[in-house]
Every structure is written in C-alpha cells, then in structure tokens.
Amino acid sequence: MRLICPVCGERDRREFYYMGDAVALQRPEPDAGAAEWDDYVHLRENPAGVTRDLWQHEAGCAAWIVVRRNTVTHEVLESVLATDLKGASA
Amino acid sequence: MRVNGKGLIDRSRPVSFTFDGTRLQGFAGDTVASALLANDIRLMARSFKYHRPRGVLSAGSEEPNALITVKRGSDAEPNVRATVQEIYEGLEVRSQNAWPSLGFDALGVNDLAAPFFSAGFYYKTFMWPRAFWERVYEPLIRRAAGLGGVSGTASAAEYEKAFAFCDLLVIGAGPAGLMAALEAGRAGVDVILADEDVQAGGRLLSETHGVEGLSGSDWAARAIAELASMENVRIMARTTVTGAYDQSTFGALERVSQHHAPSKDAPRACFWRIVAKRSILAAGALERPVAFQNNDRPGIMTASAVRSYLNRWGVAPGRNVVVFGNNDDAHRTAHDLRAAGVHVAALVDSRPDARVTGDFPVFTGAQVCGSTGRQGLEAVTIRTQSGTEKIATECLAMSGGWNPSVHLTCHMNGRPEWRDDIASFVPKGGAIPGMVTAGACNGAFSTHGALAEGQAAAMETLEALGKKGAKSDLPDAEDTPYRMSPLWAVGGTGRAWLDFQNDVTVKDVKQAAKENFRSVEHMKRYTTQGMATDQGKNSNVNALAILADVTGRGIPETGTTTFRPPYSPVPIAAMGAGAQGKGFAPERLTTSHHSTVKRKAPMIEAGMWYRPSYFPVPGESHWRQSCDREVNMVRDTVGVCDVSTLGKIDVQGPDAAAFLDFVYTNTFSTLKPGRVRYGLMLREDGTVMDDGTTARLSDTHYVMTTTTAAAGAVMRHLEFVHQCLRPELDVSMISVTEQWAQFAVAGPKSRELLNGLLDMLIDNDSFPFMACGPVSVGGVDARLFRISFSGEHAYEIAVPARYGASLFEALNEKAAALGGGPYGMEALNVLRIEKGFITHAEIHGRVTAFDIGMERMISAKKDCIGQTMAARPGLLGAEREQLVGLKPIGAVKQLTAGAHLFDPENPATREHSEGYVTSVGFSPTMGVFLGMGFLKNGRARHGQTVKLVDHMRGIETLCEVHGPVLHDPEGGKTRG
Numbered sequence: 001m002r003l004i005c006p007v008c009g010e011r012d013r014r015e016f017y018y019m020g021d022a023v024a025l026q027r028p029e030p031d032a033g034a035a036e037w038d039d040y041v042h043l044r045e046n047p048a049g050v051t052r053d054l055w056q057h058e059a060g061c062a063a064w065i066v067v068r069r070n071t072v073t074h075e076v077l078e079s080v081l082a083t084d085l086k087g088a089s090a
Numbered sequence: 001m002r003v004n005g006k007g008l009i010d011r012s013r014p015v016s017f018t019f020d021g022t023r024l025q026g027f028a029g030d031t032v033a034s035a036l037l038a039n040d041i042r043l044m045a046r047s048f049k050y051h052r053p054r055g056v057l058s059a060g061s062e063e064p065n066a067l068i069t070v071k072r073g074s075d076a077e078p079n080v081r082a083t084v085q086e087i088y089e090g091l092e093v094r095s096q097n098a099w100p101s102l103g104f105d106a107l108g109v110n111d112l113a114a115p116f117f118s119a120g121f122y123y124k125t126f127m128w129p130r131a132f133w134e135r136v137y138e139p140l141i142r143r144a145a146g147l148g149g150v151s152g153t154a155s156a157a158e159y160e161k162a163f164a165f166c167d168l169l170v171i172g173a174g175p176a177g178l179m180a181a182l183e184a185g186r187a188g189v190d191v192i193l194a195d196e197d198v199q200a201g202g203r204l205l206s207e208t209h210g211v212e213g214l215s216g217s218d219w220a221a222r223a224i225a226e227l228a229s230m231e232n233v234r235i236m237a238r239t240t241v242t243g244a245y246d247q248s249t250f251g252a253l254e255r256v257s258q259h260h261a262p263s264k265d266a267p268r269a270c271f272w273r274i275v276a277k278r279s280i281l282a283a284g285a286l287e288r289p290v291a292f293q294n295n296d297r298p299g300i301m302t303a304s305a306v307r308s309y310l311n312r313w314g315v316a317p318g319r320n321v322v323v324f325g326n327n328d329d330a331h332r333t334a335h336d337l338r339a340a341g342v343h344v345a346a347l348v349d350s351r352p353d354a355r356v357t358g359d360f361p362v363f364t365g366a367q368v369c370g371s372t373g374r375q376g377l378e379a380v381t382i383r384t385q386s387g388t389e390k391i392a393t394e395c396l397a398m399s400g401g402w403n404p405s406v407h408l409t410c411h412m413n414g415r416p417e418w419r420d421d422i423a424s425f426v427p428k429g430g431a432i433p434g435m436v437t438a439g440a441c442n443g444a445f446s447t448h449g450a451l452a453e454g455q456a457a458a459m460e461t462l463e464a465l466g467k468k469g470a471k472s473d474l475p476d477a478e479d480t481p482y483r484m485s486p487l488w489a490v491g492g493t494g495r496a497w498l499d500f501q502n503d504v505t506v507k508d509v510k511q512a513a514k515e516n517f518r519s520v521e522h523m524k525r526y527t528t529q530g531m532a533t534d535q536g537k538n539s540n541v542n543a544l545a546i547l548a549d550v551t552g553r554g555i556p557e558t559g560t561t562t563f564r565p566p567y568s569p570v571p572i573a574a575m576g577a578g579a580q581g582k583g584f585a586p587e588r589l590t591t592s593h594h595s596t597v598k599r600k601a602p603m604i605e606a607g608m609w610y611r612p613s614y615f616p617v618p619g620e621s622h623w624r625q626s627c628d629r630e631v632n633m634v635r636d637t638v639g640v641c642d643v644s645t646l647g648k649i650d651v652q653g654p655d656a657a658a659f660l661d662f663v664y665t666n667t668f669s670t671l672k673p674g675r676v677r678y679g680l681m682l683r684e685d686g687t688v689m690d691d692g693t694t695a696r697l698s699d700t701h702y703v704m705t706t707t708t709a710a711a712g713a714v715m716r717h718l719e720f721v722h723q724c725l726r727p728e729l730d731v732s733m734i735s736v737t738e739q740w741a742q743f744a745v746a747g748p749k750s751r752e753l754l755n756g757l758l759d760m761l762i763d764n765d766s767f768p769f770m771a772c773g774p775v776s777v778g779g780v781d782a783r784l785f786r787i788s789f790s791g792e793h794a795y796e797i798a799v800p801a802r803y804g805a806s807l808f809e810a811l812n813e814k815a816a817a818l819g820g821g822p823y824g825m826e827a828l829n830v831l832r833i834e835k836g837f838i839t840h841a842e843i844h845g846r847v848t849a850f851d852i853g854m855e856r857m858i859s860a861k862k863d864c865i866g867q868t869m870a871a872r873p874g875l876l877g878a879e880r881e882q883l884v885g886l887k888p889i890g891a892v893k894q895l896t897a898g899a900h901l902f903d904p905e906n907p908a909t910r911e912h913s914e915g916y917v918t919s920v921g922f923s924p925t926m927g928v929f930l931g932m933g934f935l936k937n938g939r940a941r942h943g944q945t946v947k948l949v950d951h952m953r954g955i956e957t958l959c960e961v962h963g964p965v966l967h968d969p970e971g972g973k974t975r976g
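Residue numbers (my numbering), protein chains in the order written: chain U, 1 to 90; chain D, 1 to 976.
Next up, chain U with everything else stripped away, as it sits in the complex (with noise of 0.2 angstroms):
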C-alpha cells in the first residue's frame, strides 16, 4: 500500500503511523456534553466504501495528514495535510 504525503509525495505505507478516523480533528468544546465528547472519543464509522482517515508519516516529514481512501477497492482518493484543513475550517 502506497500514501501520498502532500509534503514528500507518494511513499510506502510503512513509513506512516495510522490513527483512524479523521473525526479526531472535530475535538468538541469542554462543555459539549458527554454525548458529543462519547461520539469523539469512542464511536467510529466502519464504512465498506469511502473513509477519511488521519495518518502521521512519522519516518518522514511528521505531518499529520487526512487521507480518503475506498475501503473496498483500496484506492487512495485524496491527501491533505490536516494543517491545511483546519486552517480552511478555521
């Protein structure tokens, strides 16, 4: 399995952590409730199909970027740096 790092290009898989689901960038605020802060913390999709998912290239760059790959196909869709997501949202 191949990742592209938006910063150092396409590279092998080993050299990136995984972390799961990109929801861990949507950290609720401290008083959002244990509903919400339940949903960040423990509950996760399990897609056959399209996922988005935060990997570090740890023996690289160290970004921490969001990849959207297909489950099903192992296709690799897109990379962002989450640097930049966050900024866009921001």
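Treat the hints with caution; some may be incorrect.
Taking lysine to aspartate or glutamate pairs in the DMTMM-like style, the calculated list, with each CA pair at most 25 angstroms apart, reads [what the hints assert, rightly or not]:
#, chain 1, residue 1, chain 2, residue 2
1, D, K862, U, E75
2, D, K861, U, D12
3, D, K861, U, D38
4, D, K428, U, E15
5, U, K86, D, D661
6, D, K277, U, D12
7, D, K161, U, E15
8, D, K277, U, E29
9, U, K86, D, D685
10, D, K861, U, E15
11, D, K862, U, E36
12, D, K467, U, E10
Residues on chain U that point at chain D, a partial pick, calculated with CB under 7 angstroms [said to hold, decoys possible]:
#, residue
13, P30
14, H74
15, K86
Bear in mind the hints are in silico, worked out from the structure with no lab data behind them.
Quick caveat, the model's predicted, so the values are computed rather than measured.
Every residue gets a Cβ at the ideal spot worked out from N, C-alpha and C, and that includes glycine.
Add chain D to chain U, keeping to what the hints say.
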C-alpha cells in the same frame, strides 16, 4: 534419452550431480527434470497421500509431482521443483516422501487402502476417541502424508530484500512480454522486464516455429540484446512476480544463486517489492491434463512439456510416445517428435472431426482411457468407436487445452471471466488498476496474437504514461487458430487424477458434491483440491468443470476458487530477509555504553535502548548485593546514572507555553524561565499517557522530558495536537533525545561532585530544587537541572552527545573520590519505589490521574487534552483501584509484581480480587521489601492489612497498606 542435434543446452559443458546418491551427468542448461529424463529416470517422487510413483507432469514452475530436496544439512531446501532447479557441478538431489527408497516405498500400501482414503477421510475416520486426536492420529497422519522435511537446523542461507521503481513492469518475457518491453523501451520509459525462467522467450524456447525467419530462441535472444542495450530497461531473469498488491506494488522473488553451489558472495534469493506506475501481464498459459484412469504414472505428462523437453533440452521422455489431446496444438508434439526421429506410437484426438496428417497412427474420436506400468508407464489403453486397444509406450503426451495464467489479475479480488470458445477463464479487464494483459494469459494463443497484443498493451500503457510510442512493424510469426473441444475427464471406473499433488481424483470431487459440498470453495477444502505448492495450477479448472457437471451448473456459474499471492512459493526467510539475529530490531546505545560494558554491567533492553542493570564490584556474586550497595551509595554519598534514554523534546515558539498548557494537565505558562516542573499528560479518554519534567529555558523555549518507553508516542501526540487540533498556535517541536547525553548525579554529595567539574560553582541559592540553567563543564556548554527521581539531593546534567562518553568518565572519577560510583536500573527502580515515584509499570494505560492521586493536577482554569473525559463518573471514586504502597507484615516477607490483593478473610479467587501489585523491590534503606500497587479504595485503607497472593509462584504474603511515599515523605533531602 538425449536426442542428437536438439535443444539449447551446452553439450560442450557436461555437469555431474547426484540423485539419491547416484552420480549422473547432464549439460549446462539442464534442469534436474530434463537431466533425469535424459538419464532415462522417470520415477522422481512419491505422491502425497497414496505414495504413488510419480514423474514430471510439466516442464515449468507449475510442477505438482517432481518435488525434490536439494543440498544437505543447514543448506538443504525441501520441495524444490525439479523442473525449475538448474543443475550445477556437485548438486545433491534427494527424493522426498518415500521410505526406505523411492523405488520401494513401504507406505505404498496406502495405495491399496485407497477406498478408505477418499475425500474427507480425515474428518470421517479419525473421530474417536477424542484423546487420540493429538497423541495418535495427528502424528500418524503427519508421518504418512507430506512433502519434504525441514533440516531441523537454522538455515545458513542468506536472503535479501530489495525495492525497485519503474514506469512499467512487464511480467513475463515470452513473445507478448518481449514485444511490449521493446516498444516501451524504445519510447524511453523506465521498464522492468521480469521472467521466472533462466532465459527469455517463454514458449518460443520450446517450439520449432520461428519469428521473422529466426528460430524462436534466436529472436528472443536478439530482443533481449536490444533491451539490454537500453539504459531505461532492466531485465530480471529467474524472477517470479508472485503477487499484485495495492497501488501497483508487486512482490517478486529472484532466485539469485540457487543455480550454483552455495557461496557467501550471493544471497540464495532476493524478495523484491516493485512499485510500477503501470504493468503489463504477459504470463502466458499453462496446459491442462486430461483425467482418465491411472493418468498419473511416471511418463505421462503434458504435450507441451514433451515439446519443451525435446526442443529446449534435447530430451525424448520416452523411446516411443503416444500423444493424446482435444486440440490442434497437441498435434505439434507428434510432429516435432517425428521430425526428431522419435517413434510416435499413436496420435489420439478426442474430436471425431479432427484433421490430422502425419506419418504415425492417428485415432480421431478416440480417447486414452487407462494406463499400465509399475514404476513408469508401459502401455496405454485407447478406446475408439470400434473397441479398446492397448498400445505399448513409455510416454504419453496429453493435452486438455490451455489455461491462461490469470492468477495475478485475481490478487485484488478480481474474478476471471469464462470464454466458451477456448473453454477457459481469461482475466477481467481492470482487475488490477494500471494493468493491461496481453498474449496467452489473455487467451491469444498464437505467436502472432501474442506479439500483436504485446504491442497493443505497450501502446495503451505509453499513452497512459503520457508518452508517444512509435508502433514498429510486427514481426512475422505463426498465427495458427486454436481449435479445441472441451474434454475434462474420460469416463471409467478407476481413479482418474485431477490434482496430482494432493491425490485428488474425479471421484473425490463427485463425492464432495454428493455430500453437499457443492460450492467450489467447499469442494476445495473438503477434497484438498488445489492446495499446497502448486495451488492447483494444473487442476483447478478441470476440477471445477467436473463439479459443474455433477451439480448441473455451467462452469461460469460454478466459478473459481480464489487465487491469492504468492503465485509460486516464496521462502519466509526471503520476505523477512535481514530481520534475523541483530537485524530483528535496531539497538540504541547510549554514549556511556562502551564504558558501561567495560565495567561488566549486564545490559537490559528498555525499548530499543540498552541500559545497565547494575555495576558489579569485586566480591559481589549476586545482583541483589550490587543493587543494595548502589541504593545505599546514592542515599549516603553520590551515584551517577545515564538517563539519556528518556525522551527529550525541544518545544519553541511564541505559543509554546499555551501549547504545553493544552497538552499537560497542569500549567506551564506560569512556570518561570530557569525553572522545571513535573507534568502529567492524559490521553483524550482521560487515561494517563505519560509524565515527566519540563524545563523552561526562556519565555519561548521549553525542553520536555518523557519516559523512555513513551518518547515516540508522545512526540507523535504532540505533533497531532499541534497540527490537527491547534494549528493556530505558533510553536515548533523536535526530538533531541539523541542530541543530548544526560546523566543523573544523585545523593547528598551530588553538589560537591558537580562543583568539582563545573566551570562556575553552584549553591542552593543559585540552583535550588527544580531550577535549571546553562552551565559550563570543561569549557563545554551544558544544561543543568536540579531534579530528582531518587528522593535525594540530585541533578541531571546534559551535554551535546559527542561529549557524553568523556563526561560519564569524569563524573565517575569524581564520584569514586567521594565514595560513590555508577548505578544501574535495579537501584534506580528501588530508589524510586522507596520514594513512591511512578513509572509505566503504574501508568500502564488503564489508570487515571485520580487513580494515582494526581487528580488535583488537572487544572480547572484551562482546557487540556483528557480533561473532560477524566471527569466521567466511573473514573473517580471509591470503586477505583488507587495507588498504594505495600509492606510485608507477616512471616512471609516476599512481594511479587503481578500478584493480586485480597481481603485476608476472603478466598484468593478472581471475583474477590481487590487490586494488584505493579512494582516491588527490596529496600536496603528500610530493610524490607516494598511494593506499589493498586487497591480498591486504597487511599482510605492506609494501615489496613491485605493479602497478596501470587498463584503463579505460590506466594502468599500479608501486607500493610500505606501511602506510596516511604522515604523522606517531607522532601527535605531533595531540597537540602
């Protein structure tokens, strides 16, 4: 038998080798199989289940029968295909699965007991008594069935792994692959051309028809020469592409040195990972046998294999040969043999309308329905419209048609498609992203068809790569139509083999269907059809055709089993090359390592780091003596310990303080420059992640320390928090663990020691407890931290790593003069247990700040990672197991880590467990074992008695519960 004037072998270079101890001769270019056949040896192996005599079925890597063991001792390799192994001078070949000899195999009686060994016999026969499963049945079956054995010693062979990148990977160097590589190479793209064979050419090497007026092998040699002259083309011979993986990555096994005697200069094989932008599969096709009674005798092989042995290796597999087929291609075998002067006893074509001309007896609309011969074929029986006839022959060349090698196209879940006209599966387009299929693997069986498809595939690929290819003129080549009519099995009562390697017969498949194992995947598992080293390359399509027939479905509806990587066997040692011994994990060594080893300190692994357990001195014969002495030394004088393995993270920027406030539970923005603070870090779920001290060097510059174990995880976490949660913060961080060598100097005489080394003296005012700042030692800029993990007056001094070794020597020299010295991990552990300091034995991933008594360190004045979730009900309160100290009070004085804690009145069973012990050590300071652990509602139970029970070691100790800190609870020594 050798045939004069035929073959690509080098007759000027004789090569001798042994087979089961007998010395034999072949020529350079021979495989074990061709050389054995040249020596009139047809019996090469015994079958898996029935121990039937077997010879070669094929001439390639798909060989199911002729598996051999080569070499001896730790060099030995079992299950090598005789059709692939090239001979070299002195090669030792041994047969497998036969005892006492290949000619007389005692377990040949299995063949007589065949009625008991039908499909599923394991499941039906070895059922009772249950106690026999592992003690009797399994050893029995394992001895009787099987392939080659392992040597029992560690393999001495070296393997390698390697990576390659290219624009285009061409898999297979037959006419289609060569044509594709030529066109792509000429267009200037980076090409890798891989073929499992020694020599490029594929079927061209085994056929008599030429290309462009040249012989097939000469044309292939010319093509390879042109490719070899191109700098952008890499030719990989003896390289099998074994798997197709995500993002156009391929696995490939290169047999680097298996064709000559083992040497230290070259690895045995190399496992490649090839990343290609595009790929062309030109893997060819494999001929399938026909099932008829006793179709497995040595001397019966595929028609194309007979042509290969004749045309490529100059060997006639028999003095006379019968050819049997359902297609025109098989006729070539008869013609080639006849032209080479080999007697063709008969050509049998199952098609009534077959058109054959030739100077040999021809039977159309006829079938071979049986064979006789003890250890090799002696005669075949043919059935014609007018009855049966027995023909004496040493070799039967059979052909049931051709199966395109679709395997790689199925590795990513693609299913091949059935084509009625060729009665075969062909690859489904787009099954592997970026892959185009060409030639025989695509169902184009003529040489012209292969060349044309190879060229077209190259053009399509070049366009996809954004390159322009100039189509060259296609070389002239035969374009014979492939005419065939399906023939899977010849009717009859006896056993007719489908899968030769696993001894699966037509009857077995029918029985599976009868017992309702009608799905092809069920049938496979019930009968073992298509398993083991050949993965059913010869037999799968035949077997599912039989299954389709008995279940009344068509072949496409029946479907195929799943082809998975690897295409042919790959040694695990090749995939894991370099990961044995020292290669298993990197070793991280501190700057004091050399000196520490010289002091005879036993090293222990801490993650990848190596750290000293203790430093023995003369007269000490037990580690506890050394440990006790080192603890006392730190408590009484001074000790030196390398703490460089702790993670050190440099955090800088205008928002560094805000950042640390967010990742730590406590506040670091209020920390004054020149001071150090202990910090606690949580995971977002409220569990403790790590702890350590962080020093503020300036307003915008902090140095964080992490535990040794969590250094990597914390670094990743900090980057996550910054990039993913708080990118607006202007802060940067980098690991400086390996840039700084850091030593703890601990004990009442620590300042005295340092003042003997530092360029400027320090005192309690300039360096109070939890101070930090720049110092100079021997003219080298250093950092000094007044922190303590022992409870003593202590410092940590850090210098750039290149000065670490000399500083360690200097510190120890000064320490020795003061009655101190170095101390290791054992003493460090006891010191911190006496003081109640936690490590990852305590913060093991399931404990909260509340559990370790640090919930007040979670500042309510700010948000931080883990704050919200740490306040959840269930993570706080009396029900939690809380950190306590433990001291033995009964007759038994021993404490053990991992033991559970119970109310003394309760039985020591799981449901009564109230906690567990995390750390123990003998405290020379108190003269007693001390422990740390977690106990339900522990903080309210100080002074109570609990029962420690270690069922593993049979220890039961009554303990008094107390607070975790026993040594100097007021902290006067640390501050003094």
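Hints, one by one, checked against the model:
1. Straight-line distance between C-alpha atoms of K862(D) and E75(U) comes to about 42 angstroms, which puts the hinted pair past the 25 angstroms bound.
2. Annotation: proposed proximity of K861(D) to D12(U) is violated, straight-line Cα distance about 44 angstroms (limit 25 angstroms).
3. As the CA atoms of K861(D) and D38(U) are separated by approximately 23 angstroms, the hinted pair is consistent with the 25 angstroms bound.
4. Simply put, K428(D) and E15(U) have alpha-carbon atoms about 33 angstroms apart, too far for the 25 angstroms limit, and the pair is violated.
5. A C-alpha spacing of about 20 angstroms is found between K86(U) and D661(D), which places the hinted pair at or below 25 angstroms, so the restraint holds.
6. Taking the CA atoms of K277(D) and D12(U), the gap is about 14 angstroms. The hint holds against a cut of 25 angstroms.
7. Restraint check: the Cα-Cα separation between K161(D) and E15(U) comes to about 17 angstroms, which is no more than 25 angstroms; the hinted pair holds.
8. As the CA atoms of K277(D) and E29(U) are separated by approximately 45 angstroms, the hinted pair breaks the 25 angstroms bound.
9. Straight-line distance between C-alpha atoms of K86(U) and D685(D) comes to about 22 angstroms, which keeps the hinted pair within the 25 angstroms bound.
10. Taking the CA atoms of K861(D) and E15(U), the gap is about 39 angstroms. The hint is violated against a cut of 25 angstroms.
11. Between K862(D) and E36(U) the alpha-carbon distance is near 20 angstroms, which keeps this suggested pair within the 25 angstroms criterion.
12. Proximity of K467(D) to E10(U) is assessed by CA-CA distance (about 21 angstroms); at most 25 angstroms being required, the pair is judged to hold.
13. Given the 7 angstroms rule on beta carbons, the hint for P30(U) holds: about 5 angstroms separates it from the nearest Cβ of chain D.
14. For H74(U), the suggested interface contact is upheld, since its CB lies about 4 angstroms from the closest CB of chain D, less than 7 angstroms.
15. Among the interface hints, the one on K86(U) holds; its C-beta lies about 5 angstroms from the nearest C-beta in chain D, closer than the 7 angstroms criterion.
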